[in-house]
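Engineer: Top to bottom, those sequences are chains C and W. Take the first sequence: its letters are residues 1 to 644, numbered as in my numbering. Take the second sequence: its letters are residues 1 to 497, numbered as in my numbering.
Honestly, I wouldn't trust all of these hints.
Stated by the list, open to error - Looking from chain W toward chain C, a few residues come up when the C-beta cut is under 8 angstroms (computed):
hint	residue
1	PRO57
2	PRO230
3	THR233
4	TYR293
5	PRO392
6	THR402
7	ALA409
8	VAL410
9	ALA426
10	ALA427
11	GLN434
12	GLY439
13	ALA445
Unchecked claim - Listed next, the in silico DSSO-like pairs over lysine-lysine satisfying Cα-Cα at most 30 angstroms (straight line):
hint	chain 1	residue 1	chain 2	residue 2
14	C	LYS178	C	LYS374
15	W	LYS200	W	LYS212
16	C	LYS178	C	LYS533
17	W	LYS200	C	LYS178
18	W	LYS442	C	LYS178
19	W	LYS306	W	LYS442
I should point out that these hints are in silico values taken from the structure, not numbers from a laboratory. Glycine included, each C-beta is placed from N, C-alpha and C at the ideal position.
Residues per chain are reported as follows:
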Amino acid sequence: MVIAAEQGGALLAGTLALPLAAVLLILVFGGRRIAAGDRPTSRPGLVAATAAVLSLLLSVGCVLIYWKAQNRYFAPELHISGGEWIPGFGPTLGLMLDRLSAVLLLLVDGIGLMVIVYSLGYMRDERDQSRFYAALLFFIAMMKLLVLADNYLLLFAGWEGVGFASYLLIGYHFERWKAAQAATQAFLVNRIADVGFLLGILALFEVYGTLNFRGIHADGIPRPAVIGIASALLFGALGKSAQIPFHVWLPDAMEGPTPVSALIHSATMVCAGVYLIARSSTIFDAAPEIGRGMAILGVATALFAATVALVENDIKRVLAYSTISQIGFMFLALGVGAYNVAIFHLFTHAFFKSLLFLGAGSVIHALHGNQNLKEMGGLRRKMPVTFATMTIAAAALAGVPGLAGFFSKDQVLDAALLAPGGRLLFAAGLFTSLLTAIYSGRLIFLVFFGERARRSGVAPAHGSPPLMLAPMLILSGGCIAAGYFLPIHWSQWPVLLTTGIAALLGIWVAYRYYIAQPEARTALDIRFAPLAKLLRNRWYVDAIYEEQLVDRFVMRMAHGATVVDNTIIDGSVNGFAWSTRQMSRLSRWIDRYLIDGLVQFTSHGLRFLASPARALQSGAVQTYAFLFIAGLLAALGYFIVRTR
Amino acid sequence: MPHLLSLVLFLPLAGLLAVLAIPTTQWRAIRLTANFFSLLTFLASLLIPAFFHIGVPGFQMVERASWIPTIGAQYLIGIDGISLLLVLLSTLISALAMWCSWNNASERGKLYYAMLLMLETGVLGVFLSLDLFLFYLFWDVVLIPMYFIIGIYGGPRRSYAAIKFFVYTLLGSVFMLLGFLALYFQYAKQFGVYTFDLTKLIQVTLDPAIEKWIFFALFLGFAVKVPMFPFHTWLPDAHVEAPTAGSVLLASLLLKMGTYGFIRFSLPLLPRASMEPWIVNLMVTLSLIAIIYGALVCLTQRDWKKLIAYSSVSHLGFCTLGIFALNQSGLSGSVIQQVNHGISTALLFLLVGFIYERRHSREISDFGGLAQVMPAFATVFAIAVFSSAGLPLLNGFIGDFTILSGAFAVNRIWAGVGVIGLILGAAYLLWLYQRTMMGPLKYEANRFLSDLSIRERLIVFPLVILAFAIGIYPRPLFEAVSSPVQEIVERLNSVRF
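Using the sequences and the hints, build the whole thing.
Structural biologist: Quick look at the structure:
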């Protein structure tokens, strides 16, 4: 039914508009921040939860209509167009739903709902409820814009929009200096990558004359252009997805409230880079060398981040490095051209990683904000639900056979092995899987087993409210079921077997060093002290960026420019003004002493010459009378003498 | 309405006369009259779009009267899509700037308001004049009130800043006048008629060497005003010393006179010189230096207001980059970015002004954690910062993107260097935001700062709405500028060899 498809298009706009309307509602009627001590209003949270439910229902409706239309009439996608956004760049106000965006749409709304419900419990005592829920819903809207956009320009708007939402939410506790810094840093690191993406968009427009996904093809496009576009898009994707060399912002982003980390910094936004590349598969297929680079970068990131996750002691940072590592797997899959496998891993990862974060939040909540693994332990009896669900998620992450992560990671490694020169990629990936299992096991063992290392003055742990536990239970179901969405590659049984063994081996190693023989771990730590130091300092990447790149390079240039501005440029202006003043002073001197001096000289000279005459003109009448009479007498005397 | 443009142009002047008629002691009446007239001017200017036909080539609503017949100067004003946007921006910003001085008015207010009104007429005259002599007159008229606003009502170094501003701009404008006169005499030589009419002068054919000389004469006038690197150092001094209204008008409107001059005069009158490759390369290089260098200097500023002042150097670099891309995207992006910069910088300067009124400090290190005590202020400031940093769905992005696409089409390296400015721009703006608004409340003196008042909220409200409106639905702006820009581009292409 064509009408159904059209309605579907309108429904797409609806599912985008609904959370935005809720944002406005919350901002206008959400009520002010309240003074400490009062109970915060729950209104914004309830509005947000209602909006999230409706938004999910609308999205499900869209996907169902799409499904029906596709099955019956082979309609390729749902579509709605609203003309031009920025004139000159073609119809850039369009939404589109196809299989790829359908997966992500449901994921965003689904995890979004879970996280909002969880937040009703977790964020209950926060003072500024409106800001939190408004930003969260704004994020959901922008993420949906990102996945539903039918062109690169609108996708970029969503891309920047989620970045802005992420900035707001990382900086939710802006009064903490670290949170403020992390927010700024995340935005700036992303900005660096984003300008690469922006150049890619400009190049796309120049090459294709359109930014619409349907207008992008690889026929007859010169190779340098394709390579240029592919590298620009990859550059942008690496930033948003926190891959080497842009990964530094994600661990620091853990300053945001934990539900935010679950939604934005693990399940959805950070995977936007994977989506971008899958969406641009036509271009990347035509640039296999970029793909190879991407695969190597992906597996290197996966390995690097897993090593750091092994030694991190902050529970959220362990999960952050784990996220970087798992997205590395997705990039590995993308690099070898297995786009659907990458999306599959994105899908399963969303479940277990968001659940791990929610579980971590539950633990942190119970421990009154303590995030240090070294100060946890023995929580399995006090928090049975959190323990059970987190264990399922960690097992899924580790790749325990039968759970979601096992199947998707297996397919990633499978695809890597099949690629040309894939043995090395496979080996590195397999080794990373082993490390993944070790740090997953370590996390669970440190939190839930053994005895709690008590600090003095730390209040005892308490359980979490049902509003927090319910989403965790639902997600744990996802961790089990999500792996069966794609057919299992039984024919590649050796790979299945190897990855399964790697996972179990990793968990055994973790068990051995963290439960069975903790003293062996100390021995290991001493024996490999330099390595441990390297890992604990995150391979010194953060330090190098901050000290060498920002302080030494950028800030030095900035100070240099300021000095140049104050001395040379403004100096020459002031110098010009000064020399003008000196010139005028000089001309005043010349004027006064030379030109005017000459005039004065002339007048003085004349006055001197005239001075005898002036002496006569005294103005005294008696003198005049005397001189007159004297002159008269003299004249008379003269005439008398003459006539005689 | 036959004389709508003249009405808009001279309403502030009428206000000036009204203000002068009121005794100095009646400063409340003066304040009210000045605000009334600038608001009236804004409302009258809103009528212009109703009589303006979008997409019609050439100038509209032209008014012509003989003025100084002996030299051929006329009172000739008219409007096209480009000047329409700038006129509307001018009347809006002038009204808001007038209003933001509400609490600072006092017995000394008479001259102040008189000068603000004179400035408004001057700026409007610059954007409306189609006669080069008239244009020059208005151009220099603008200097006088700004000189007094900085020199009398400014900060501690006001007299240095005021003289620097005045002399620097005047020096530039003398060269501009020489360029105009050269054109005038060249035209007279060819056609035997003396005229300053822009629409006539456009027909003159110039010797390439002379054309280049004239280009650089005009360039000196415009480049100082924009200001382009390396003629920019009057700007931070003038901004820091000027009172808030002065800074707002200076950044939002006066700088646009320079870019407007390039678009209105240099490009159409001197197309061959404007397209001469080495000249284009020189102009673009200066623009790119301004973008990067201005942003780098921003990174080290300790004074809140000076930082924003330097950010104008960087942002106007984008505007001149767009102009000298010499294509549809670049030019229309440039005009739209001029409007956007007017909006976002006005917001930024207004907000600094609000803070200064409360705290009497602009040192960034005196602040920190203000978002805790001034949430509404922090929200508006965030909007201004992200609008200025070019976040999509806010106005700044529209202009940046269009300019960069225009530059990219000519030379990829231009766009590649330009985007570094976007990174640095986000850096200094977000650092400023972080250091002033976020983190713990550092000083007790800031604990009881009051949030935005009703008047302040009403002042920023139209700008915030515009920032969103242009960011989400920029089409009306593009429609307004598309036909005049197309004329310029066609004129450039017609002389391409």
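Engineer: Now tell me if each hint is right for this structure.
Structural biologist: Hints and how they fare:
1. Against a cut-off of 8 angstroms between C-beta atoms, the interface hint on W/PRO57 is violated, since the closest Cβ of chain C lies about 18 angstroms away.
2. Restraint check, W/PRO230 versus chain C: the minimum CB separation of about 5 angstroms is within 8 angstroms; hint holds.
3. With a cut of 8 angstroms, the hint placing W/THR233 at the interface with chain C holds, because the nearest CB-to-CB distance is about 4 angstroms.
4. A least Cβ separation of about 5 angstroms between W/TYR293 and chain C falls short of the 8 angstroms threshold, and the interface hint therefore holds.
5. Here the hint on W/PRO392 is kept, as its CB sits about 4 angstroms from the closest CB of chain C, short of 8 angstroms.
6. The beta carbon of W/THR402 is positioned within 8 angstroms of a beta carbon in chain C (closest approach about 7 angstroms), and the interface hint is therefore held.
7. Because the beta carbon of W/ALA409 sits about 6 angstroms from the nearest beta carbon in chain C, less than 8 angstroms, this interface hint is met.
8. The criterion of a C-beta within 8 angstroms of any C-beta in chain C is not met by W/VAL410, whose closest approach is roughly 11 angstroms, and the hint is violated.
9. At a threshold of 8 angstroms, the smallest CB-CB gap from W/ALA426 to chain C is about 5 angstroms, leaving the interface hint in force.
10. Hint status for W/ALA427 relative to chain C: holds, with the closest Cβ pair at about 6 angstroms, below 8 angstroms.
11. With its C-beta approaching chain C no nearer than about 5 angstroms, W/GLN434 sits inside the 8 angstroms limit, and its interface hint holds.
12. Look at W/GLY439: its Cβ gets to within about 4 angstroms of chain C, closer than 8 angstroms, so that hint holds up.
13. Hint status for W/ALA445 relative to chain C: violated, with the closest Cβ pair at about 17 angstroms, above 8 angstroms.
14. Straight-line distance between C-alpha atoms of C/LYS178 and C/LYS374 comes to about 21 angstroms, which keeps the hinted pair within the 30 angstroms bound.
15. With a C-alpha separation of about 20 angstroms, the suggested pair W/LYS200 and W/LYS212 falls inside the 30 angstroms cut-off, and the hint holds.
16. Annotation: proposed proximity of C/LYS178 to C/LYS533 holds, straight-line Cα distance about 23 angstroms (limit 30 angstroms).
17. Distance restraint check for W/LYS200 and C/LYS178: the Cα-Cα separation of roughly 63 angstroms exceeds the 30 angstroms cut-off, and the hinted pair is therefore not satisfied.
18. Using a Cα cut-off of 30 angstroms, the hinted pair W/LYS442 and C/LYS178 holds, with the two alpha carbons roughly 15 angstroms apart.
19. Between the alpha carbons of W/LYS306 and W/LYS442 the distance comes to roughly 22 angstroms, so the proposed pair stays at or under 30 angstroms and holds.
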